[in-house]
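> If you want the building blocks of each chain, they are given just below.
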Amino acid sequence: MPRLARVLPFPTRPERATLSPDEARQAAQVYLSTCNTQRLDSMVDRVLSNPDVLAGVCALLREMFETAPASAAEEATTLYTRIRNLGRPLGLFDERDYFLGETALIAATALRFMGKFGDAERWLDRAEAGFRHTINPAPLLANLAYARLALRYAVGRYDDVLELVPSLVTSFGKLGMQREEAKCCFLEAKTLIQLGRLQESLPMLTSLRDSRVVRGDRILLSHVLIQAGNCFGSVGDFAQAASIYEQALPLIQERGPSVVLAELKWSIGDTYKAQNHLAKALDAYRAAQRDYASLTMETSVALLHLVAAETLLSLGRHREAEWEILAALPAIEEQKMVTEGFAAVALLRESVRRRKADPNALRELREYLQARK
Amino acid sequence: METVGPVSGVQEDPFEKEVSGIFNETLGLIHIALVTHYGLEEGEAAELEKDLYLWFLRFCMRPGNTSPRDSRPFLVVACCQFAREYQKYIIGSGVRQSSDKINKLLEREPADVARDFSRSLELLNFRRQDA
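Heads up: the protein sequence lines correspond to chains A and B, in order.
In terms of my numbering, the first sequence opens at residue 16 and continues consecutively.
In terms of my numbering, the second sequence opens at residue 3 and continues consecutively.
For reference, chain A alone in the conformation it holds in the complex (with noise of 0.2 Å):
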């Protein structure tokens, strides 16, 4: 046999053509701004057989969890899907279960945006299976422990988060991840929010606004003044609420819709009905869920819809109070959003019936789901 040939037959060798990381994205850019019905096989090939381009192609998509998590979402489960059913080695060594594991997290994270929760935990499962056979899967389990605590935050399940968090915030300390170590310790503020111990949530928030690695990522950096502004209005100090939230507009409408400008718009809301500014805060909510319809975010459409019902009932708008209700319910029902049986839900579809809004069932449901949010 000749001398060549006994190191060619290798057979998991692919083609080794190397672009710089601005081809990569460039091509990866091209890829995910081209239809998927019109994507060229040759394209889709190119994508699968340059683990360059496919890393180019993750990185855009973990963009596209504020600006876009539909597309996200399903760019990230048909490439997973390719992926598995490729027929033929992907990239070098541990490549394949690296992408396999990245695009399922890419996934679950992108359908927690959209409220799809049973379906994230899925692809965590999915990127767990992955990552474990990768040859350094500690960083990467480590984020997808991430991704499972910001489910159950999103779930409500506000204990295990405060009882998981400290072990995470440990782990990336030791692992050196400092902008996620500073992640963790935002969803560990957040969730104090959501049980009513602001005292101890702004002092962590404050902190988070201070240090070097949340300023240096500008979207983060938005969240935390956001969930701190939240914070000053709902002790009443709406003057402080407001500098934060002029502090963070600029962080944020310079990328367009997205879903912290929806946040803030929604937080702008809430600051003027607590100050009883209701047409204001009315027009803010509106504006909110604009955003989030253009997001396809059903589950905050629906939930900012009972919002508006309220914020319309506090203003003598019975009529278009039941309106929004009507809008409400369907998706509420659709995406599963309270469990089989929830009263209040009756309730309010049996009160709009009778042309007189429940309040204290419209209050209920929507404490429910925003909690949940």
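Everything labelled a hint here was simulated from the structure, so no lab data went into it.
Beta carbons are placed, not taken as given, at the ideal position from N, Cα and C, and that holds for glycine.
Do not rely on the hints blindly, as some may be mistaken.
[As the list claims (entries may be wrong)] Straight-line distance between alpha carbons at most 20 Å, and here's what the computed SDA-like set of lysine to any residue pairs gives:
{"#": "1", "chain 1": "A", "residue 1": "Lys189", "chain 2": "B", "residue 2": "Arg71"}
{"#": "2", "chain 1": "B", "residue 1": "Lys52", "chain 2": "A", "residue 2": "Ser64"}
{"#": "3", "chain 1": "A", "residue 1": "Lys351", "chain 2": "A", "residue 2": "Asp134"}
{"#": "4", "chain 1": "A", "residue 1": "Lys189", "chain 2": "A", "residue 2": "Phe201"}
{"#": "5", "chain 1": "B", "residue 1": "Lys52", "chain 2": "A", "residue 2": "Ser35"}
{"#": "6", "chain 1": "A", "residue 1": "Lys189", "chain 2": "B", "residue 2": "Gly66"}
{"#": "7", "chain 1": "A", "residue 1": "Lys295", "chain 2": "A", "residue 2": "Phe253"}
{"#": "8", "chain 1": "B", "residue 1": "Lys52", "chain 2": "B", "residue 2": "Asp15"}
{"#": "9", "chain 1": "A", "residue 1": "Lys288", "chain 2": "A", "residue 2": "Glu379"}
{"#": "10", "chain 1": "B", "residue 1": "Lys19", "chain 2": "A", "residue 2": "Arg40"}
{"#": "11", "chain 1": "B", "residue 1": "Lys52", "chain 2": "B", "residue 2": "Met63"}
{"#": "12", "chain 1": "A", "residue 1": "Lys351", "chain 2": "A", "residue 2": "Gln385"}
{"#": "13", "chain 1": "B", "residue 1": "Lys90", "chain 2": "A", "residue 2": "Pro104"}
{"#": "14", "chain 1": "A", "residue 1": "Lys189", "chain 2": "B", "residue 2": "Lys90"}
{"#": "15", "chain 1": "B", "residue 1": "Lys52", "chain 2": "A", "residue 2": "Pro104"}
{"#": "16", "chain 1": "A", "residue 1": "Lys189", "chain 2": "B", "residue 2": "Pro75"}
{"#": "17", "chain 1": "B", "residue 1": "Lys103", "chain 2": "B", "residue 2": "Lys52"}
[Claimed, not checked] Counterexamples of contact, computed for chain A against chain B with all Cβ distances above 12 Å:
{"#": "18", "residue": "Asp134"}
{"#": "19", "residue": "Gln193"}
{"#": "20", "residue": "Leu202"}
{"#": "21", "residue": "Arg381"}
[Said to hold, decoys possible] Listed next, the stretches of chain B that the computed footprint assigns to chain A, with coverage defined by at least 3 CB atoms under 8 Å from CB atoms of chain A:
{"#": "22", "region": "60 to 66"}
{"#": "23", "region": "73 to 86"}
Given chain A's structure and the hints, the job is docking chain B onto it.
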């Protein structure tokens, strides 16, 4: 031992430059692992070293991998796994006869073999700090 690195030329990207520096520092050890311990031929080792560099560059870019220097032990694990899979394939397809020494090494987990090599890496680090 002098080895010709698979990574040469000027890299524009500072991160890639750092990774290639670390890789070239470790290359002597990698070459010993591939040729002396796993019994690969020089040409085969050179080819696998190129693959290893590409893998290591992308590995260092994964979330949570904070420094290429700290990632060196994983490079050694990957080297042993690459070498083991390759040698098993070559022997399995009848291209090369095995020996007791190679068989013994192929039976061991690459991570265990890498751990032994990592001690050499620690020695390398110690010498570097001492220089």
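> Hint by hint, note whether the structure agrees.
Results for each hint:
{"no.": "1", "hint": "Lys189(A) - Arg71(B)", "result": "holds, 16 Å"}
{"no.": "2", "hint": "Lys52(B) - Ser64(A)", "result": "holds, 17 Å"}
{"no.": "3", "hint": "Lys351(A) - Asp134(A)", "result": "holds, 12 Å"}
{"no.": "4", "hint": "Lys189(A) - Phe201(A)", "result": "holds, 18 Å"}
{"no.": "5", "hint": "Lys52(B) - Ser35(A)", "result": "holds, 16 Å"}
{"no.": "6", "hint": "Lys189(A) - Gly66(B)", "result": "holds, 11 Å"}
{"no.": "7", "hint": "Lys295(A) - Phe253(A)", "result": "holds, 15 Å"}
{"no.": "8", "hint": "Lys52(B) - Asp15(B)", "result": "holds, 19 Å"}
{"no.": "9", "hint": "Lys288(A) - Glu379(A)", "result": "holds, 18 Å"}
{"no.": "10", "hint": "Lys19(B) - Arg40(A)", "result": "holds, 19 Å"}
{"no.": "11", "hint": "Lys52(B) - Met63(B)", "result": "holds, 17 Å"}
{"no.": "12", "hint": "Lys351(A) - Gln385(A)", "result": "holds, 14 Å"}
{"no.": "13", "hint": "Lys90(B) - Pro104(A)", "result": "holds, 17 Å"}
{"no.": "14", "hint": "Lys189(A) - Lys90(B)", "result": "violated, 37 Å"}
{"no.": "15", "hint": "Lys52(B) - Pro104(A)", "result": "holds, 18 Å"}
{"no.": "16", "hint": "Lys189(A) - Pro75(B)", "result": "holds, 17 Å"}
{"no.": "17", "hint": "Lys103(B) - Lys52(B)", "result": "violated, 26 Å"}
{"no.": "18", "hint": "Asp134", "result": "holds, 22 Å"}
{"no.": "19", "hint": "Gln193", "result": "violated, 9 Å"}
{"no.": "20", "hint": "Leu202", "result": "holds, 17 Å"}
{"no.": "21", "hint": "Arg381", "result": "holds, 37 Å"}
{"no.": "22", "hint": "60 to 66", "result": "holds (count 6)"}
{"no.": "23", "hint": "73 to 86", "result": "holds (count 6)"}
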